[in-house]
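Residue numbers (full-length UniProt numbering), protein chains in the order written: chain E, 1 to 211; chain G, 1 to 211.
Check the hints yourself; a few may be wrong.
No copy labels: a pair is met if it fits in one copy or bridges any two.
Claimed, not checked - Derived PhoX-like pairs (lysine-lysine); straight-line CA-CA distance at most 20 Å:
#1 195 <-> 39
#2 121 <-> 22
#3 114 <-> 35
#4 39 <-> 114
These aren't lab readings, by the way, just hints derived from the structure by calculation.
2 protein chains.
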Amino acid sequence: MKLYNYFRSSASFRVRIALQLKGLAYDYVPVHLAKGEQKAEAFGAVTAEHLVPVLELADGRRLTQSMAIIEYLDEAHPQPALLPADALGRARVRALAQLIACEVHPLNNLRVLKYLVHELKVSEAAKNDWYKHWVRLGLLACEAHLAEQPGRFSHGDAPTLADCCLVPQIFNAQRFDCDLSGLPRTLAVFDACMKLSAFQKAQPSACPDAE
Amino acid sequence: MKLYNYFRSSASFRVRIALQLKGLAYDYVPVHLAKGEQKAEAFGAVTAEHLVPVLELADGRRLTQSMAIIEYLDEAHPQPALLPADALGRARVRALAQLIACEVHPLNNLRVLKYLVHELKVSEAAKNDWYKHWVRLGLLACEAHLAEQPGRFSHGDAPTLADCCLVPQIFNAQRFDCDLSGLPRTLAVFDACMKLSAFQKAQPSACPDAE
Numbered sequence: 001m002k003l004y005n006y007f008r009s010s011a012s013f014r015v016r017i018a019l020q021l022k023g024l025a026y027d028y029v030p031v032h033l034a035k036g037e038q039k040a041e042a043f044g045a046v047t048a049e050h051l052v053p054v055l056e057l058a059d060g061r062r063l064t065q066s067m068a069i070i071e072y073l074d075e076a077h078p079q080p081a082l083l084p085a086d087a088l089g090r091a092r093v094r095a096l097a098q099l100i101a102c103e104v105h106p107l108n109n110l111r112v113l114k115y116l117v118h119e120l121k122v123s124e125a126a127k128n129d130w131y132k133h134w135v136r137l138g139l140l141a142c143e144a145h146l147a148e149q150p151g152r153f154s155h156g157d158a159p160t161l162a163d164c165c166l167v168p169q170i171f172n173a174q175r176f177d178c179d180l181s182g183l184p185r186t187l188a189v190f191d192a193c194m195k196l197s198a199f200q201k202a203q204p205s206a207c208p209d210a211e
Numbered sequence: 001m002k003l004y005n006y007f008r009s010s011a012s013f014r015v016r017i018a019l020q021l022k023g024l025a026y027d028y029v030p031v032h033l034a035k036g037e038q039k040a041e042a043f044g045a046v047t048a049e050h051l052v053p054v055l056e057l058a059d060g061r062r063l064t065q066s067m068a069i070i071e072y073l074d075e076a077h078p079q080p081a082l083l084p085a086d087a088l089g090r091a092r093v094r095a096l097a098q099l100i101a102c103e104v105h106p107l108n109n110l111r112v113l114k115y116l117v118h119e120l121k122v123s124e125a126a127k128n129d130w131y132k133h134w135v136r137l138g139l140l141a142c143e144a145h146l147a148e149q150p151g152r153f154s155h156g157d158a159p160t161l162a163d164c165c166l167v168p169q170i171f172n173a174q175r176f177d178c179d180l181s182g183l184p185r186t187l188a189v190f191d192a193c194m195k196l197s198a199f200q201k202a203q204p205s206a207c208p209d210a211e
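Chain E with its partners taken away, still in its complex shape (with noise of 0.2 Å):
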């Protein structure tokens, strides 16, 4: 398999973190995006979307969107589980992926926040005021369902494709320096996640593309 992804994306992230954790082997294709690769036309022939990550099968057939990616390398390659065998709790597991990866991430994405300067000549106060705070939004409901039950992650005592999610987000209020507190079951799963040697080989530091 191969990866088409770029070390500080937040969606490759997570797929990453999926394949580490499944022990599936796969060639990294980086793309950078703050160069704006995504946009050449190469790469537009790799996906319509222009968008990272693209997971590249044996066969060359390409699959995109990252949540859509986790679940087919669920159904693939089915051990360790990254969805509980519930439907209700597949339902919650689920829902706190979207939480992160429909009510947050989208807002502050790279080419959103480009848009937000270039377009729109938004300050660089103002562009970081709107990053926390649709982070802060997404990460105190994050909260409230994380607290309504125990478990070392977010969901139960082994990883979900909600902290494939969920951990990436971490990263990324942490590097813009987003308000964390009031957040504790949130954080206790980012380092129950981050003691695992699949969350650390997945991150952007080991990533070959790391600036």
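Could you slot chain G onto chain E? The hints should help.
Positioned in the frame of chain E, the structure of chain G alone reads:
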């Protein structure tokens, strides 16, 4: 079952379509987003996310996040299936759904538009350009994916999770007068969906709280 939702919320609309396709009866609980009812303390007791839709099951358990809710409905009530039987098909349908739900809709929902206007003091024209920009980008990528294979709907000849997400996005695009040129496959899928009574019954104008 009880669905907390709003006639114009496209995430709510997705779930209404799924409920109609499955032939599942539910109580409609309107939450007026434009009036800010979702921010009220009473609704905070329903969901810490302060977002619609929320599906309340017969036993009182509450599910959040539209795609997670639809996957739950598909597992609990398998017929008619809203996800393909094969893993690669599921990956494709989920990716199409997430292309809308993670790349387009989060940038254009009401709270984001309000932030642009009230916090960033963006003009009405610039706000509309923002809206149209993300819709256009997303729908062009969607068109490229849909052109990959024939079929009346987004994936094959029966509606799936992907169609549950696509149709509300087209409603939004039409409402905000977005450019829909060069999207023949996307609009053909939309038309095929809107020929079905499930999509008609779920549409905003058919809701009890429609204005």
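Can you name, in rising order, the numbers of the hints this structure does not satisfy? 1, 2
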